[in-house]
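Residue numbers (the working numbering), protein chains in the order written: chain W, 15 to 465; chain C, 15 to 465; chain V, 15 to 465.
These are calculated hints, taken from the structure and not from any lab test.
Any given hint could turn out to be false.
It does not matter which identical chain is meant; a pair holds if it fits inside one copy or across any two.
[What the hints assert, rightly or not] Listed below are the simulated DMTMM-like cross-link pairs for lysine to aspartate or glutamate, each with C-alpha atoms no more than 20 Å apart in a straight line:
1. K324 / E457
2. K248 / D373
3. K324 / E443
4. K376 / E442
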Amino acid sequence: MKLRPWIALAALAAVAVPELGLAQEATEAAAPAMDDTPPMAEIGYIFTTFMFLVAGFLVFWMAAGFTMLEAGLVRQKNTTMQLMKNMGLFSFAALMYYLVGYNLMYPGDGWTIDGWLGAFGAASLEPVGLAETETDLTYASVGSDFFFQLMFCATTASIVSGALAERIKLWPFLIFVILLTALIYPIQASWKWGGGFLDSQLGFLDFAGSTVVHSVGGWAALAGALVLGARIGKYDKDGKVHPMPGANLPLATLGTFILWLGWFGFNGGSQLYMDTAGNVADISRIFANTNTAAAGGAIAAMILTQLLYKKPDLTMVLNGALAGLVSITAEPLTPSLGMATLIGAIGGVIVVFTVPMLDRMKIDDVVGAIPVHLFAGIWGTMAVILTNPDATFTGQLFSIVIVGAFVFVVSLVVWFVLKGIMGIRVGEEAEMNGLDTTELGMEAYPEFSQG
Amino acid sequence: MKLRPWIALAALAAVAVPELGLAQEATEAAAPAMDDTPPMAEIGYIFTTFMFLVAGFLVFWMAAGFTMLEAGLVRQKNTTMQLMKNMGLFSFAALMYYLVGYNLMYPGDGWTIDGWLGAFGAASLEPVGLAETETDLTYASVGSDFFFQLMFCATTASIVSGALAERIKLWPFLIFVILLTALIYPIQASWKWGGGFLDSQLGFLDFAGSTVVHSVGGWAALAGALVLGARIGKYDKDGKVHPMPGANLPLATLGTFILWLGWFGFNGGSQLYMDTAGNVADISRIFANTNTAAAGGAIAAMILTQLLYKKPDLTMVLNGALAGLVSITAEPLTPSLGMATLIGAIGGVIVVFTVPMLDRMKIDDVVGAIPVHLFAGIWGTMAVILTNPDATFTGQLFSIVIVGAFVFVVSLVVWFVLKGIMGIRVGEEAEMNGLDTTELGMEAYPEFSQG
Amino acid sequence: MKLRPWIALAALAAVAVPELGLAQEATEAAAPAMDDTPPMAEIGYIFTTFMFLVAGFLVFWMAAGFTMLEAGLVRQKNTTMQLMKNMGLFSFAALMYYLVGYNLMYPGDGWTIDGWLGAFGAASLEPVGLAETETDLTYASVGSDFFFQLMFCATTASIVSGALAERIKLWPFLIFVILLTALIYPIQASWKWGGGFLDSQLGFLDFAGSTVVHSVGGWAALAGALVLGARIGKYDKDGKVHPMPGANLPLATLGTFILWLGWFGFNGGSQLYMDTAGNVADISRIFANTNTAAAGGAIAAMILTQLLYKKPDLTMVLNGALAGLVSITAEPLTPSLGMATLIGAIGGVIVVFTVPMLDRMKIDDVVGAIPVHLFAGIWGTMAVILTNPDATFTGQLFSIVIVGAFVFVVSLVVWFVLKGIMGIRVGEEAEMNGLDTTELGMEAYPEFSQG
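Using the sequences provided together with the hints, build the complete structure.
Take a look at the structure:
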């Protein structure tokens, strides 16, 4: 990092300048087109737009949830770094999704390669007071859609940070986030949600993103964990696993509750319309199903760890709830409450069995992100066929494989390139002493002595 | 706990299977009935449904609030257990309210015993895309109502967990929660909110549940505290009280703020309609009154502890704010801002005087749940007569006594039965060493050495 | 503090009594005027009112954000005091804004001095079920507006508490808060938002309060910091600065995320209408711009501290995000996404350069409130002219100076008077040992031994 300050600032300025002109134009208010619109259309527009904003701020809140979950599950000496990574990843995701991702994912003006690669160009919002361009009022404001979709992109990046904690360098991680949120996530998301080939050719169903968001984050994390290697001392030569317990479980629990809350927006907002009684009733089902799936995952993990280990395991319960949420995300609408509970419970079971499995494979996932987001994400995506007759086994399976192969391979390449160019792992001494003092010079809890 | 894993999972599956069939049917979308409905009815339906969802997620958030409050007020060595209990109680509450509680509380298809005992049967939501059964659109979606009401049921269970902290075993506590949320809470709630005899015969008024939710949680906690006994070392033979300060006051304060926020949904959503200007204006009054009552409770506790003890007491201020919230919950609509402030302030005063009173009676309530939810709940229920001319002194008082007697006696029986069958209290050594290591094998703050 | 308890309670009662009569009257429901209103007007009323409530609870949540931010950035020994101050300041702000501030700020019934001093009198909400007085339904409920505006007033007080932490006495601080929220804030806010002379004479534009809220809090904090002096040991005689790192950075990060979330309500709700497609689309732009400005501020601070100090600084990144938010607050609507990012980024740069500047001036601002809220607030207010052609350089600059001079001078006088009458600073020994044990007798983390 030898750049001079003014270079960085100039780069930031360059980002902004292309649109400086637009700002002034935007102040012409008044929306003449609205007079010709029947009231119910405009009311529906307001309902759906406001719903996107409420759902969007709930999904934003998930960024805090991941941050607290991860800060609670890492050790004291790496906490500041984990906080820094989460602040950074959300901020860069916001920037890159605006500059590249949004139009790449929703190629409104056409595809660069039809059905496979969206359009390049920065996002721009509707003019102030609504534009003449927004003549029909049949849907929702561009700004609300952008705001909502941005949060999904950022969520994908949040998933990665937990798995790779306690040993990855800050800037290579953030460079990966930049590529993930500008390119990898939006490209594959366009295949389904942008109307690309998974949607139009394979009939792939993924309501709110068990695959498009969660397993994508999981694949990127898995690739990173493989390239990065396990933390020093986590696995010894005899294959014995040394637990490295998180420093602050109340924080991790708080993070779980925040994510649970945010998920109502994540799944509920993915209904994408709130302009009719039918749509708002569907959103209600989604809220209820999302909640019960999380409960099912937590209960399953609590009972199962009681039975397997004689003592219920809080971190498994937390991850069980999250796995329940991931599991219901591909189809939160069609299941009954009972079926949603069961789908979530199986997610919780998956976590309990796959966390030790990863350890046996010496894949070091600090917070359990791969079991929760990748394995439960795959389960949730397949579970769509249980309740939604429009889903097909092959359509779901092929889409999981295609998205997985794309994200995993590209991520692997990016991680290897980053490793070759700048290194992605901190030095051994830095890892032993903790990233907070060595990399950042700032302790998270400077006055709480270590036991 | 000698069950084998597959038994537990089979039980979970049995829960879900009865409704598996419904899920598929539900995918028939389209709502023909809607065409015959005047637009304003459908718009009102959307408004009220969305209001329930927003209020409902705020009340959900209170589960996190109780968790943080309690995790902050217990000692370090019992923190993981308190987190576990809160994750468990919410999850089991969600399951039981779906399986039994909802229909028992709102006996839409008739009462098992008219006005006294609702209907048995699992809840089921409206079909996807709205059903033909939902012809009138005069109210709100079933799913949104279920989601909102579920959160109230879970709140009742949250109240119990704080009072009994630091000594109760996990599973007996959760079994009590199961009975509370499946049976005890819904049965008495049906007497008022399901249109039962307290509502129809006594004219009982309890807008958002000072009695139906808060005092119910308080009575159940009181019964538990009596059966369970005080923590070792809390009271010595001379009647001297040994304070056992909470380990993490920022967490407790965060929990209070979360609860305060969630209470806007708790009280505001209890207006139950947002389809007219009059209703949304009433919700606004409720928000403003709820806020000012909390402020009144906090200020009263701050001034009073300054005067009594020369130093204001933060935990009293936190509980004062909560008591202010409980106090306004029975009638958040009719008071003026000034009256709401006063009602809340008296709640704060009650807390300051009754916390030491319980200690003198050697009733060990770890977080002050009984003063806050039971005593201030009684006060708030009686205070309805100050501002709402429809309330009567006898109607309020008799209802408090009837609900209290029912909940206290049944809870006492359940606690005694649990004590007899499996024991409800951890061993002495476990209590001294802390429940986290002995019962769960997981410390909440493993790296922060004890001072 | 030698008052007897009953005097304090009598004072509280006196506050409430004047309005006791109103409460009963208010129970006459029914809104006959509504029949004459076209449906769209009533629907717009519901939309805007509900928007105020949602935005209002988000801004309420900022009180928790400030509390966590400050509790994380002070040292362990002063944490309980910081929690107490934040509980107290919000509660007293709620009380004073109701008793005095609201009518002083929105002089609906006329000015005491036209354009300069509003009306005195306690706020009163619309009657239950809506009153005959609310005939036109053209806007939103009084209660929702009061609730929303109250939160802005409380935010101003929150800003002050962080800057003066670790040395100011509790009660003098709260007395300042009472004067700030009853008089200082509302009077200057009326000049712009109440239609006073800054609005009508100078054409001052300040959408959501970079000046009216944030710089006002900053000026009051600056005056307090000057009168109070630096913490013992912060600056030695050679001008060397001794860092006093915060005890709990996860809390500080949580606080930042809470504030970021709350800011969507702060800026979005300041659109003040959600009754048309145009208005809700504008709110969407505001959400997107607010988010990207925060991201810009965080990224700028992260890159800049990397370049300047070789290690990115988490507390600078947190304050950078907040400065980005403050910077966009004066005009979150007209900028493009790129321009909003740039405005926020400059806010982040300002923080990085002005935090050490204050230290060189030996002005001890514990959490960086003055750089974030005052300096970035000034920048944001001037930046309005970049994107909104209705703003003038002189209109913005003169307004900043007038508001700043008023608030700074009055605050300085109040601080000096408080210092003369009762002293505002704790004794030297109390400061060294920490305010928690000496002033409150309660440790925030009693079991975590100091390193």
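To see whether the hints hold, each was checked on the structure:
1. K324 / E457: The answer is between: 16 Å across copies meets 20 Å, while 36 Å in one copy does not.
2. K248 / D373: So K248 and D373 pass the 20 Å test inside one copy only (9 Å; across, 43 Å).
3. K324 / E443: Between copies, since 19 Å is at most 20 Å while 38 Å is not.
4. K376 / E442: within (18 Å within a copy, 40 Å between copies)
When held up to the earlier numbered hints, the structure conflicts with none and fits them all.
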